[in-house]
Amino acid sequence: MTTESHAELSHFGVTEGDITHALRKVNVRDVDYADLYFESCRNESVSMEEGLVKRAVKSISQGVGVRATAGEKTGFAYSDDITRRDLELAADAARYIAESPQGNRPVPAARRSVPKRDLYPMDRARADVATAERVDLLSRLDEEARRIDPRIKNVMASFNTEFKVVVVVTSEGQIVGDVQPLARLQVTCIAEENGNRQIGSFGGGGRIGFAYFTESDRFLHYAKEAARQALLNLRAVEAPAGVMPVVLDGGWPGILLHEAIGHGLEADFNRRKTSAFSSLLNQRVASELCTIVDDGTIPLRRGSLNMDDEGTPTSRTVLIEKGILRGYITDKLNARLMGIPLTGNGRREDFQSVPLPRMTNTFMLAGESDPQDIIKSVKRGLYAVSFGGGQVDITNGKFVFSASEAYLIEDGQVTKPVKGATLIGNGPDILTKVSMVGHDLTLDEGIGTCGKDGQSVPVGVGLPTIRIDEITVGGTQG
Amino acid sequence: MTSMSTDVTTNRHTLTALAGELLERATRQGASAADVVAAEGDNFSVQVRLTAVDRLTRAREKRAGIRIFFGHRSASASTSDFSRESLHRLVDDTCALAKAVVEDPMSGLPERSQLATTFPDLDTYDATSLAPDLQIELARRTERAALGLDTRITNSEGADFNSSAGRIVLGNTHGFMGEYRSSSFSTSVSPIATDVNGGMQRDSWYAVKRKFARLESPESVGHEAARRTLRRLGAKKVSTCRVPIVFDPDMAAGLMSNLSSAVSGYALYKGTSFLVGQLGQKIGSDLLTVYDDGLLQGGLGSRPFDGEGVPTRKTVVVERGLLKSYLLDSYSGRKLGLASTGNASRSVGDSPSVGTTNLYLTPGSWTPDAIIKSVKRGLYVTELIGFGINMVTGDYSRGAAGLWIENGELTYPVEEITIAGNLKEMLKNIDMVGDDLVFRGRIASPTLRIAEMMIAGS
Chain A
1 MTTESHAELS HFGVTEGDIT HALRKVNVRD VDYADLYFES CRNESVSMEE GLVKRAVKSI
61 SQGVGVRATA GEKTGFAYSD DITRRDLELA ADAARYIAES PQGNRPVPAA RRSVPKRDLY
121 PMDRARADVA TAERVDLLSR LDEEARRIDP RIKNVMASFN TEFKVVVVVT SEGQIVGDVQ
181 PLARLQVTCI AEENGNRQIG SFGGGGRIGF AYFTESDRFL HYAKEAARQA LLNLRAVEAP
241 AGVMPVVLDG GWPGILLHEA IGHGLEADFN RRKTSAFSSL LNQRVASELC TIVDDGTIPL
301 RRGSLNMDDE GTPTSRTVLI EKGILRGYIT DKLNARLMGI PLTGNGRRED FQSVPLPRMT
361 NTFMLAGESD PQDIIKSVKR GLYAVSFGGG QVDITNGKFV FSASEAYLIE DGQVTKPVKG
421 ATLIGNGPDI LTKVSMVGHD LTLDEGIGTC GKDGQSVPVG VGLPTIRIDE ITVGGTQG
Chain Y
1001 MTSMSTDVTT NRHTLTALAG ELLERATRQG ASAADVVAAE GDNFSVQVRL TAVDRLTRAR
1061 EKRAGIRIFF GHRSASASTS DFSRESLHRL VDDTCALAKA VVEDPMSGLP ERSQLATTFP
1121 DLDTYDATSL APDLQIELAR RTERAALGLD TRITNSEGAD FNSSAGRIVL GNTHGFMGEY
1181 RSSSFSTSVS PIATDVNGGM QRDSWYAVKR KFARLESPES VGHEAARRTL RRLGAKKVST
1241 CRVPIVFDPD MAAGLMSNLS SAVSGYALYK GTSFLVGQLG QKIGSDLLTV YDDGLLQGGL
1301 GSRPFDGEGV PTRKTVVVER GLLKSYLLDS YSGRKLGLAS TGNASRSVGD SPSVGTTNLY
1361 LTPGSWTPDA IIKSVKRGLY VTELIGFGIN MVTGDYSRGA AGLWIENGEL TYPVEEITIA
1421 GNLKEMLKNI DMVGDDLVFR GRIASPTLRI AEMMIAGS
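If you're matching them up, the sequences are chains A and Y in order.
Be aware that the first sequence starts at 1, since it is given in the numbering used here, and climbs by one per residue.
Be aware that the second sequence starts at 1001, since it is given in the numbering used here, and climbs by one per residue.
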């Protein structure tokens, strides 16, 4: 059972002798770096629909990923058995890329270390509660949502927890581990009136414990929000189509930054010069009101980590400073090849995947405008409060994100709710159109999952209320 | 040099024995019923970029999952640790979990009489083992073909070649025990082209087959990727307008995928589909005839039985616009008062859900060229991005790229626009279907035309 509060090699049944042996295997002449990533992960999920908690699932996975890099090349192998023999086979596969004879560099003696930060102390973050308590939470949430309005016809909710123990062993002689809890509660309501059916969703979480959801009845707030959104959509009108000013509310609408800017600033795309941002370092890519950071060091957040999956401490990286592009987010491979600082963004979904430069919590710093004034400044436009997912084409910079709760702004007033619509823009210039930034920076509730190269990792976003002077809104009304 | 072959493990006996042992322990612990899925696989993948090896990945995986019933209470769990101690703990934990959830009168295994008794060979397994150096060379050839087609192809996100093979064993306490093997071979490449102003575009192409010998040549994949990338150079916005939209086969397959989600039994009984209550009703144009065929020889979605042991079959989903059948497993079938259609899809550690096998729109009589020729002014859409589909209402709004059609001719490339409508209307407004059906995945479609949708642009 993975209930330890500290991650140790012994947890995986291997000794320092075993890893030295494996590292020696990958110590061939052209290999410039190698690591072993031991991971044990326990997931538990309960979900409810039609008032019944009918699904309970538990999964346990454990394994090791062995990687060797030589110049731009990466050799990678993984195994879900962790014996000396498995490590050896994986190391053989990983070093295949080097195609070179045995090297004579000494394998440095292993130094054990622990991450300097403790962003999710176990006394607060352990979500280890009996299944019965999870079941009770979901049942109470269901009652609350239905109590709000008889038009709420179905409530679907799920509570997921993940408890991950990782140990990274590097050819630089580092052994460092982390214990990473993660929890998420998600609620979806279906409202129905005269044959019109609508959906509303809300949720939250982080690297936090079960108590987080019951504090000040937070879980009931999620139920209310999901129900409110479903009911609101019952009276939503068709969304407009075309270019118009858009006001984004704070929090989750920060997905704009993740798609429009964040992915394009991941170092791998820039090393390969396949990103629309590749040649824009130290150039203006946003209005001077915009300062955007990626920060993996905020306590208890979904996107935060004490260390990344290569054992590097996470950090706060300024991506855009007053509109000027300042930096990329990096993993070890790309930082080394590009000769730029290591930012602690080397992340992987699990032991079966290689680390890639990935975001943590990406947000825009607060400005000075009053959010009400921002809305008042718009004659005709859209006020978007909540979003579903987004996507970006790194190379041409075109990105989309889809509003799930939005309103028309008419003569400076928020008026009718509109149906969901996709917003589309161009990453390298959309933020040059930001003309007002609110003083109300809000981070999202902790629901984001980012996909890249088939790998999913938890992330966070944040945004103050902002005004974008023009963006294309993909409604149906011309 | 180290050897790394992608030999398939031949552990049929081991996996079957393991499944039997888990079922036996569950029964001994008082479970009234249970089923087990055990899977193992090998994968070798190669990525090259600008002809140099970028990444080699070698993997061997195994996993076992069990679903246990105590009357109408059930839970599922899975593990990748096959030690006896861990497997015993898996069963015991799952029993404890099952006792903690609420009774669901509809839950349970399929009836004994519904389970597969014959196991047709669907031609989904190829024992070909490719040496790493050959896979590297195949990926290089794919990329080289893309890079060499035109000087405007200046860069690449790389090419890959993957081979994998695996085995699945499913057993339950009704005495069912079945297994099948499958393999897949695939290649893809994403070239980047640059125009005179330095503007970059990327597109990609791919091929995937169950058998190596059937895979398209690296050259044909590379050339198609380059062609698709080059035609995007110089893309611009168009103004907001309402016009006919022609979906290329991949985008049309995406539309069929949306339809398949809407006819999934789970979406229907939960009320999260825009097709709730529409069985037997007209939901599409006369040109819309859609099959789901789990028995297609060599199909990427073919399997002899589904995730609960029910035989797969060919199901008429939509016939000339009439919704003839939902896609169901036994649970969602019971909820809707219908029999399973053999569409239980199962990830090893979870309870079943519904998935397609090989779902396709039957071809029409028009050539793709004739469809484009029929459009005076409209969009030929080749890429859709984002998640702007509301399955409850059918509201549809997605980022699009493609080629502008003017007087029946493809003219200039278009980007940074959206297309919007509602799936209910879109299915009814399919007014031309092409003759170009090719299976390139589990869901396939020929080219199709939708009479009118809203484009938001400049």
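One or more of the hints may lead you astray.
Over the 10 Å line for every Cβ pair with chain A, so calculated as not near, a few chain Y residues [unchecked claim]:
1. Ala1052
2. Arg1060
3. Ala1096
4. Lys1314
5. Gly1321
6. Gly1349
7. Ile1417
8. Val1438
Once the Cα atoms are required to be at most 25 Å apart in a straight line, the calculated DSS-like pairs of lysine-lysine come out as [as the list claims (entries may be wrong)]:
9. Lys153/A to Lys1209/Y
10. Lys1209/Y to Lys416/A
11. Lys1209/Y to Lys452/A
Among the chain A residues that face chain Y by a calculated CB cut under 8 Å, a handful are [unchecked claim]:
12. Ser59
13. Glu72
14. Tyr96
15. Ile97
16. Ala110
17. Tyr212
18. Glu215
19. Val237
20. Pro245
21. Gly367
22. Gly389
23. Asp393
24. Thr472
These aren't lab readings, by the way, just hints derived from the structure by calculation.
Every residue gets a Cβ at the ideal spot worked out from N, C-alpha and C, and that includes glycine.
Hints versus structure:
1. Chain A draws Ala1052/Y into its interface by the beta-carbon criterion, the shortest separation being 6 Å against a cut-off of 10 Å.
2. Against the 10 Å criterion, Arg1060/Y falls within the reach of chain A, whose nearest CB is about 6 Å from its own CB.
3. Distance check for Ala1096/Y against chain A: the nearest CB is about 8 Å away, which does not clear 10 Å, and the non-interface claim fails.
4. A cut-off of 10 Å between C-beta atoms confirms that Lys1314/Y is not in contact with chain A; the least separation is 30 Å.
5. For Gly1321/Y, the requirement that its beta carbon stay farther than 10 Å from each beta carbon of chain A is met, with the minimum near 21 Å.
6. Not every CB of chain A lies more than 10 Å from the CB of Gly1349/Y, the least distance being 4 Å, so the non-interface label is violated.
7. Against the 10 Å criterion, Ile1417/Y falls within the reach of chain A, whose nearest CB is about 7 Å from its own CB.
8. Look at Val1438/Y: its CB is around 24 Å from the nearest CB on chain A, clear of 10 Å, so calling it non-interface holds up.
9. Annotation: proposed proximity of Lys153/A to Lys1209/Y is violated, straight-line Cα distance about 44 Å (limit 25 Å).
10. As the CA atoms of Lys1209/Y and Lys416/A are separated by approximately 50 Å, the hinted pair breaks the 25 Å bound.
11. The straight-line distance between the Cα atoms of Lys1209/Y and Lys452/A is roughly 24 Å, inside the 25 Å bound, and the hint therefore holds.
12. Below 8 Å, beta-carbon pairs count as interface contacts, and Ser59/A has one with chain Y at about 4 Å; its hint therefore holds.
13. Among the interface hints, the one on Glu72/A holds; its C-beta lies about 6 Å from the nearest C-beta in chain Y, closer than the 8 Å criterion.
14. Given the 8 Å rule on beta carbons, the hint for Tyr96/A holds: about 5 Å separates it from the nearest Cβ of chain Y.
15. The beta carbon of Ile97/A comes within 6 Å of a beta carbon in chain Y, closer than 8 Å, and the hint placing it at the interface holds.
16. At its closest, the beta carbon of Ala110/A sits 25 Å from a beta carbon of chain Y; the interface hint therefore is violated under the 8 Å criterion.
17. The interface hint given for Tyr212/A is violated, since its Cβ lies 21 Å from the closest Cβ of chain Y, which is over the 8 Å cut-off.
18. The restraint placing Glu215/A at the interface with chain Y is violated, with a minimum CB-CB distance near 24 Å, outside the 8 Å limit.
19. This hint is violated: Val237/A has a C-beta 12 Å from the nearest C-beta of chain Y, more than the 8 Å allowed.
20. Violation of the interface hint for Pro245/A is found here, the shortest Cβ-Cβ separation to chain Y being roughly 15 Å, above the 8 Å cut-off.
21. For the restraint placing Gly367/A at the interface with chain Y, the shortest Cβ-Cβ distance is roughly 27 Å, beyond the 8 Å limit, so the hint is violated.
22. Restraint check, Gly389/A versus chain Y: the minimum CB separation of about 4 Å is within 8 Å; hint holds.
23. With a least beta-carbon distance of about 7 Å to chain Y, the hint placing Asp393/A at the interface is held under the 8 Å criterion.
24. For Thr472/A, the suggested interface contact is upheld, since its CB lies about 5 Å from the closest CB of chain Y, less than 8 Å.
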